[in-house]
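*Asks:* Sequence:
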Amino acid sequence: MSRETKEADKEVAAPAASGGGMLEKIGSIAMMAIAPLLAMLAIAIALIAVSENRSGQEQMGKLRTQIKELSAAMSESKDELDLLKATTARDKSAWRDEQDTAKAREAEIIRHVTAAETKLKISPTLEQQLQAASAPAATDGQAAIDVPAPESAPPAEAAKPAAKEPAGKPAAKRSPQAQSIKDAIDKYNQ
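Heads up, the sequence shown is in our numbering, so the first residue is 48 and it goes up one at a time.
Heads up, none of these hints are tricks.
Using C-beta positions, here's what the derived DEER-type ranges look like: (1) Asp126 - Ala89: 49 to 57 Å; (2) Ala136 - Thr112: 33 to 41 Å; (3) Ser118 - Ala89: 37 to 45 Å; (4) Asp126 - Ala96: 42 to 50 Å.
When the alpha-carbon atoms are kept at most 25 Å apart in a straight line, the in silico DSS-like pairs for lysine-lysine are as follows: (5) Lys125 - Lys139; (6) Lys168 - Lys234; (7) Lys166 - Lys229; (8) Lys229 - Lys168; (9) Lys115 - Lys125; (10) Lys150 - Lys139; (11) Lys234 - Lys166.
Derived from the structure by calculation, the hints contain no laboratory data.
For each residue, glycine too, the CB sits at the ideal point set by N, CA and C.
Please work from the sequences and hints to get the whole structure.
*Replies:* Here it is as structure tokens:
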């Protein structure tokens, strides 16, 4: 051995004789024993982290599956909603068409009934009655009933033939109420 190593050993052996040298030896032995323990602890922590990572991946897989299922359900719901919207639009369109057809039929019926009433000299006509009903209510109850005859219909007095009045009787002055009753009877008889 070389001279230098012998001197270093002597220096190490000298303090070893004292109490401090003993602690050094115990410390170095402990350091040699702790290193493998620390390595095993590090491996255990790494294994725990890896296993948790695997369980995290499993959870991620489950979550992805749930997301796909929810996405499919949402897509089905959206398709159903679109179908309902289309059905509602179609039904609404059909309802409007039916309403338009009904209004056209109603207008045609009113037109034909009014024409027949005009020929039969019935006053007020259906059209006039409907107009009076749609107009705001008059303050006088009788004003809503007394609707003027349409301009195309001849006046009731002008349509009466003069031959129907009794020739032998002079026209007596009647009260307005009696005259209106007589006019109504004459209209009914015609």
